[in-house]
Amino acid sequence: MELASHRFEAHTGEVRLVLHAPDLPALFAQAARGLAELMVEDADAIPIEDRLEVQVEGRDHEALLVGWLDELIFHTEVRGNVYPRVERIDLEEGRLRAQVVGGPPAAFKTSVKAATFHGLEVRKVGGRYEAAVVLDV
Amino acid sequence: MHPETGLPEPRRVAPTIWEIPKDFRPDMRVSARVFASAELMEQIRRDRSLEQLINVATLPGLAAPVMGMPDMHEGYGFPVGGVAATRYPDGVISPGGIGFDINCGVRLLSSSLSHEDVELHLRPLLHELSRAVPTGYGRGSRELSFSGRKLDRLLEEGVSLLVRQYGIGWEADLPYIESQGTIPGARAAEVSDRAKQRGGDQLGTLGGGNHFLEIQFVEEIYDAAIASAFGIRGVGQVTVLIHTGSRGLGHQVCTDYVKRMDAVMHQYGIRVPDRQLACAPLDSKEGKAYFAAMSAAANFAFCNRHVIAHRVRQAFEYILGTHVGDRAGDLRTVYDVAHNIAKLERYDGEVLCVHRKGATRAFGPSAEDLPDRYRGVGQPVFIPGSMGTRSYVLAGRDASHELSLSSTCHGAGRAMSRAAAKRRVHGGELRQELAARGILVEGASNKELAEEAPEAYKDVDRVVDVVHRAGIATKVARLRPIAVMKG
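Protein chains in written order, with the numbering used here: chain V, 1 to 137; chain R, 1 to 487.
For the record, the hints were derived by calculation from the structure and aren't laboratory data. Cβ coordinates follow ideal geometry from the N, Cα and C atoms, glycine included. Heads up, some of the hints might be wrong.
To be verified - Dumping the calculated BS3-like pairs for lysine-lysine here, alpha-carbon to alpha-carbon at most 25 Å:
no.	chain 1	residue 1	chain 2	residue 2
1	R	Lys285	R	Lys259
2	V	Lys109	R	Lys447
3	V	Lys124	R	Lys447
To be verified - Partial selection, computed: residues in chain V whose CB lies under 7 Å from chain R:
no.	residue
4	Ala10
5	His11
6	Thr12
7	Asp70
8	His75
9	Glu77
10	Pro104
11	Ala114
12	Thr116
13	His118
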């Protein structure tokens, strides 16, 4: 099975994070990974010091994805930690529960204010999921 | 419409004004008006900003054409440089029309120092400023942390509380802050605990992105009478420009209310072409709550710039006091103005909620909400150029009331993505170039420097020229940077 992936696309003012994954949990985990890579130079170098239970509610996949990224952005700002790894992720109708792992980076690269709904669509194409979310930086 | 791209082709109706008629798309409720020269319109058409402006024109309750300023560029939902006025109280308010950085804005301080007074002391001055004003992601202030009732009072009372209770800044600053630094109707109870947690220790911090603190000198004066009213006395005078906003507190307020309005707008029968335009009627429970929370976040931003200004005065005194005496800390607030905010303003007897996202209020000489000193002169407007390029001081004109909903541009406006700028510009070389032009830069890595390179922005001279020629705001003075602290 093909692995999940992400890339950053050009946007005049902000950053567009494009995600591909075999299933929805992998798509959400990939979003966390992409966010961490945007925030710091080397996401692999983040120490494992903080394990966090996260819960998000939303009326559809798009609202859950925005809520999920906003949740990580909030914890990064108040705890000073970045969370590139997802240890467990459970998705059910209108709710996401996950355990994320991370720690303090050596330095921050980009400050991310929030995730946006702009042009956001979580789509199933040929049995795989894809989404593009614009982040306000 | 362009036959191949499907993108709108605005019609030029005056040398600096372009229009997209209401019938361009069936869901538009009003037309769209863009202020630009032919060259700037060419740049604007390269991204999706016109399409985004058309999307804004579909919001319920719009009372006038939606406006695009000459520095307009693609945002999310609203374009940056977009203005929209809805009827109060039955029109909508859209948190995306203000943006995440609520009351991002600029404050200009004028000194009684000359370029010669400071040029030999710039390095220690910049070093002292970087020590006194934290920059970067999430960086809080250890000395000035607000929480609980203390933070709630600050959110509701704004800058006057800082002056009168904490002795921060001067009573004389208050008239020279938009809305005197306190937006009426702010309610701390409508700001979530998360927002308060995120921003409570960030008062007096610059943050990241394109925020900056710049020491400058007056390079040219275009209108001596208005400049004199603003306290800008002559070429060579040192000024300080502070550009930042409401930090994590404001970001979280926007996050909370976009989510809330996205969840309920269908209950009000509202459909939007882009979910980031989520909105609710101003007189709805959600609309009222957002307006009160946004006003509280705006007060926090005024307070943030006020604390930074206070620390700038202290740093000037500390470094320059022994050289120039009492003049060192004599940095007067010329004005403090928001460029991401919604305000209730009166047009032809009707109260409208004017959303300005990446746009500055530009009240003309006849406006009532101006300090006595600026009555008959116009409201000061500050247009920072990109890093290391000149900034402009303008004065709002009465014609802006009808032409542009008393709004003007807010900066040079990005023309290139951050990634493209990094590919094209070498940060190290840019730093050397800036140094060769006598501009010191602090607080930015070479990559961060490249992202904010002048090439990544529109030409601020052209942007300012449009609003000057359109009669929205008049050029007063040009400022040149000598030291930049990047957020």
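Evaluation of the provided hints:
For the hint pairing Lys285 of chain R with Lys259 of chain R, the CA-to-CA distance comes to about 14 Å; that is within 25 Å, so the pair holds. Proximity of Lys109 of chain V to Lys447 of chain R is assessed by CA-CA distance (about 9 Å); at most 25 Å being required, the pair is judged to hold. This hinted pair does not check out: Lys124 of chain V and Lys447 of chain R have alpha carbons roughly 36 Å apart, beyond 25 Å. This hint holds: Ala10 of chain V has a C-beta 4 Å from the nearest C-beta of chain R, less than the 7 Å allowed.
Because the closest C-beta pair between His11 of chain V and chain R is about 6 Å apart, less than 7 Å, the hint holds. Hint on Thr12 of chain V holds. Least Cβ distance to chain R is approximately 4 Å, under the 7 Å limit. Taking 7 Å as the C-beta cut-off, the interface hint given for Asp70 of chain V holds, the closest approach to chain R being about 5 Å. Interface restraint check for His75 of chain V: the shortest CB-CB distance to chain R comes to about 10 Å, outside 7 Å, so the restraint is violated.
The interface hint given for Glu77 of chain V holds, since its Cβ lies 5 Å from the closest Cβ of chain R, which is under the 7 Å cut-off. Taking 7 Å as the C-beta contact cut-off toward chain R, the hint placing Pro104 of chain V at the interface is violated, the least distance being around 11 Å. Contact between Ala114 of chain V and chain R, as hinted, is supported at the beta carbon level, the nearest pair being about 5 Å apart and thus within 7 Å. Contact between Thr116 of chain V and chain R, as hinted, is supported at the beta carbon level, the nearest pair being about 4 Å apart and thus within 7 Å.
Below 7 Å, beta-carbon pairs count as interface contacts, and His118 of chain V has one with chain R at about 3 Å; its hint therefore holds.
Checked against the numbered hints listed earlier, the structure breaks hints 3, 8 and 10; every other hint is satisfied.
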